Each structure stands twice: as C-alpha cells, then as structure tokens.
Amino acid sequence: MEKTKRYSLKDDFSMVTLLTIPICVAINVVGDQIVQLLKLPVFLDMIGTVLVAMLSGPWTAAVTGILTNLVMGITDNPTLIPFAITSAACGIVAGIFARKKWFSTQKWKLVVIVLALVLATICTASPISIFAFGGISGNGGQSVAIAALLASGTNIIAAVVGTDFWINLLDRSIAIIISFAIIKVIPDRTLIKYSLGANFTRKKAE
Amino acid sequence: MYREQLMKKKKNKIAGLYPMCKLKMLGMYVILIILANIVQIKELPLLLIPLSLCIPLIFVLSGQPKDYLSFIKMVSYFVCFVFIVQALLIKGNDPVLIWQWKFLHIYRGGLDKGLTLAFNILNFAGIFYWLFKTSGYQEISAAMEQSGLNHKAAYIFLSTFKMIDVMRMNVYTIMDAQRARGVETEGNVFVRAKAFIPIMIPLVVNAMLEVGERALTLESKAFSVKCEKTIMIPATHNGYEKIALTISALIVLCAIGGYVLWLTR
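Protein sequences appear in the order of chains A and B.
Heads up: the first sequence begins at 1 in the numbering used here, then just goes up one per residue.
Heads up: the second sequence begins at 207 in the numbering used here, then just goes up one per residue.
Calculated from the structure, these hints are not laboratory results.
As the structure is a prediction and not an experimental result, all values here were calculated from the model.
Heads up, the beta-carbon is just placed ideally off N, CA and C, and yes, glycines get one too.
Among the hints, erroneous ones may be present.
Said to hold, decoys possible - Simulated pairs of lysine-lysine, DSSO-like, Cα-Cα distance not exceeding 30 Å: (1) A:Lys10 / B:Lys435; (2) A:Lys193 / B:Lys427; (3) A:Lys101 / B:Lys448; (4) B:Lys217 / B:Lys448; (5) A:Lys101 / A:Lys184; (6) A:Lys203 / A:Lys10; (7) A:Lys107 / B:Lys400; (8) B:Lys217 / B:Lys230; (9) A:Lys10 / B:Lys279; (10) B:Lys279 / A:Lys184; (11) B:Lys448 / A:Lys193; (12) B:Lys217 / B:Lys279; (13) B:Lys217 / A:Lys193; (14) B:Lys339 / B:Lys448; (15) B:Lys427 / A:Lys10; (16) B:Lys358 / A:Lys100.
Said to hold, decoys possible - Residues of chain A clear of chain B, computed beta-carbon distances all greater than 10 Å: (17) Phe13; (18) Ile92; (19) Lys100; (20) Trp108; (21) Ala151; (22) Ala158; (23) Trp166.
Throw the hints in and build the complete structure from the sequences for me.
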C-alpha cells in the first residue's frame with residue numbers, strides 16, 4: 001500500500017522535534033567553537049541544520065538556522081546576525097531534498113545536494129558580505145584571501161563568490177558526511193519519532 | 207540565584223526596563239543610524255563616529271561598562287580589518303587623494319566606504335548587544351510569552367541557551383576522554399581535522415538520546431496541554447518605560463528636525 005505522504009507543519013514541529021532544535025543549534029555553535037579550538041580553516045556551523053533537515057524537513061531546519069546565527073550573534077560575534085538568511089536558505093534546500101528522499105547512499109545524489117547547498121549559500125551570503133561588510137566575512141582565512149585578491153585588482157564580486165565557492169564546497173561536504181555518520185549511529189527507536197526519520201532506519205516498515 | 211541576578215539588574219533604571227520597551231528604543235536608535243548615514247559632512251558620513259560613541263554611554267548608563275569592553279574586544283579586530291581593506295583598496299569613481307605614505311594611498315571613495323561599513327557595524331551590533339546584555343534570556347523569553355508568542359517558541363528560545371552551556375561542558379569532557387584514548391588533538395591541520403569527528407559524534411548522539419527523557423519530563427509537567435500557562439518569574443515593568451520612551455522619541459524628533467534643517471540650509 002503505497003501512499004504519497006502529506007506533510008503538515010504540525011507533524012514537523014512535534015514534541016521531539018521541539019526538543020531537538022535547541023540541541024542542533026547547540027551542535028552548530030559548539031561545532032563552530034571546536035573549529036576555533038582546533039584552528040581549522042572552515043566554518044562547520046551547518047551540521048545541526050543539515051541534521052534537522054534530514055530528520056524533520058525544511059521548516060524546522062530554517063528555524064534552526066535562524067536561531068543559530070542569532071545565538072552566535074549574541075554570544076560570539078554580532079556581525080553574524082545578517083547571515084541568518086543564509087542558514088535558513090541552506091536549511092530549506094536541505095529539507096526539500098530530504099523530503100524527496102535524496103539523502104541516500106547513492107553518491108551522485110549527495111553531490112547534487114552539496115552543489116545545491118553551495119549555490120544557496122552563494123546566492124544569499126555573497127550579497128550580504130559584499131554590501132554589508134565590503135566582502136569581509138567572519139572567517140579569518142577567507143577574509144585574508146579576499147583582501148589579497150582585491151589588492152591584486154580582482155573584481156570584488158569575483159573575489160567573494162570565488163572564495164565562497166571553494167570554502168563552502170568543503171564545508172557543506174563535511175557537514176553532510178558528519179550528519180550521515182551521526183544518523184547512522186542513532187538507534188531506530190529514536191529515529192522513528194521524527195517525521196522523516198523512517199527514511200534512515202535499518203529495518204524498513206512494511 | 208537567577209532571582210538575585212535579576213534584582214541586581216533591576217536596581218538600574220535603564221537596565222531594568224521592560225524588554226519590549228528596550229526593543230522600541232532599539233528601533234529608534236536604528237532611525238538615528240539611518241539619518242547619520244544620509245547626512246554627509248565633507249562628502250563623508252562623519253556623524254556615524256559620534257553616534258558610535260553613544261553606545262558606550264548607553265552601556266555606562268545601564269551600569270554595565272564591562273560588557274562594552276567585551277563587545278569591543280569581540281568586534282574591534284573585524285571592524286579594523288574591514289576599515290583598512292576598504293580604505294586602502296578602493297579608489298572610487300573620481301579618485302581624490304587624501305593621504306599618502308610610500309606605497310599606501312587613501313582615496314576619498316575608499317575612506318567613505320570604510321567609514322560607512324566600519325561604523326555601521328559598530329552601531330548596529332552594539333545596540334543589539336546592549337539589548338541582550340541588559341536583559342537576561344529568561345526575562346526576554348518571559349516577555350515574549352507575555353506579549354502573546356506561542357509558549358513553545360519561547361521555550362525553544364530559552365532552552366537553546368541552556369543547551370549550549372551544557373554541550374560546551376560536554377565538549378571538554380569528551381575531548382579529555384578521547385585524548386586519554388590516544389586521539390591526537392594537536393599537530394598539523396589534518397591531524398586536528400581528524401580529531402573533530404570523534405568529538406562531535408559522541409556529543410551529538412548523547413544529546414539526541416536524552417531527548418526522549420526530556421520529552422517525558424515536559425509532558426509530565428503539562429507542557430502541551432492547551433490552557434493558560436503560568437510564568438514562574440514574569441518580566442515586570444519598572445515604571446520608567448514611559449519616561450524612557452518619551453526621552454528617546456524626543457531625541458529622534460530633534461534628529462529629524464536637524465536633518466530637515468540640513469536639507470533646507
């Protein structure tokens with residue numbers, strides 16, 4: 001009996017999801033802090049958002065993304081607040097792919113998702129960093145690269161989009177790989193409590 | 207303990223204002239910032255500089271000058287970087303040389319862009335930081351709930367901040383545990399990157415497994431029952447809201463008046 005599943009906001013924002021959103025925001029913030037602690041040249045503030053998107057769809061992921069940047073803006077660096085739009089966009093894109101069940105072990109689907117996420121990031125983050133911050137973003141390594149490119153006479157749009165593309169390609173791939181690794185470890189009885197969790201259980205419902 | 211902290215904050219008349227009132231004041235400050243951006247002195251938005259000095263003043267009046275220092279520590283590196291890059295690299299359409307030292311040139315276009323960006327960041331970020339530093343998260347979420355927001359949304363907001371503290375403590379525990387097992391957290395980039403996964407996965411999976419229990423706890427306290435909710439420590443008005451709003455509205459009106467005078471000079 002194959003039925004097309006209809007998605008409702010009420011299902012997406014279930015009790016368990018409500019409790020998961022804070023955890024995933026915390027994952028994003030803590031991920032960012034671990035990156036700073038280990039001094040890696042990426043952001044990794046997207047893992048929780050992708051995780052929520054995979055478990056319960058686009059809207060919860062958008063909420064997670066917005067909250068993440070708000071919280072990091074308050075506690076860490078106020079200049080991150082405008083990039084909430086980027087996080088929300090990435091969450092929505094990842095959530096839509098999750099509903100289409102594209103998060104599977106087929107590698108080309110994952111590549112498409114990464115590219116879509118990078119595209120969403122560039123469409124939203126690059127205009128913000130160009131108009132609000134003159135091309136300089138929070139990431140130290142990228143800012144230096146952009147400054148060097150600007151000094152050598154590159155167009156500002158080319159410099160920002162170019163560096164954004166490479167850094168985000170790396171960043172989003174890592175985020176998706178880690179989210180997958182996390183979902184593989186979570187037991188089935190926890191997974192089925194989420195609206196999309198049944199896509200990732202080891203035993204399929206018949 | 208939270209009650210004691212709140213009492214300490216409530217002693218100060220500005221810091222003790224109702225959070226929504228502070229939000230309105232923030233809106234008025236944004237109007238001031240926009241006006242300062244439009245007014246140009248010598249073709250430069252110089253008014254932004256004295257305006258950004260208002261933020262330490264507001265912090266001192268709220269009785270929390272230390273928070274301003276931590277704010278400056280957070281953003282100064284970034285703001286300086288933005289300013290230097292813009293000022294040194296951008297020439298503008300008709301380059302007017304303002305300052306020169308060996309190979310470093312500052313043109314008017316670059317100075318304009320740099321000043322605008324750097325001081326706008328200082329102003330906007332500063333006033334937001336003030337809002338969240340003078341009122342506690344619990345107070346803000348209580349005020350959100352009192353003004354009609356869904357209690358679930360208010361709970362998400364509050365529990366996010368609690369969760370971050372919990373997870374941050376867990377990170378150090380897990381990091382020590384993994385180090386004891388022999389996972390290397392120091393070395394070159396690849397060694398450090400490899401350490402990320404053994405820290406992240408136990409952290410997340412632990413937190414996800416606790417969700418079920420926390421859901422039970424909340425349900426047992428009638429979280430999803432549809433009825434009127436009582437707030438344990440409600441956000442209170444301290445009686446100075448009207449005065450504060452009037453004063454800030456007056457300042458904004460004066461600024462708009464000044465702007466009109468500047469337009470018709």
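Numbers of the earlier hints that this structure fails to satisfy, in rising order | 3, 9, 10, 11, 13, 17 and 21
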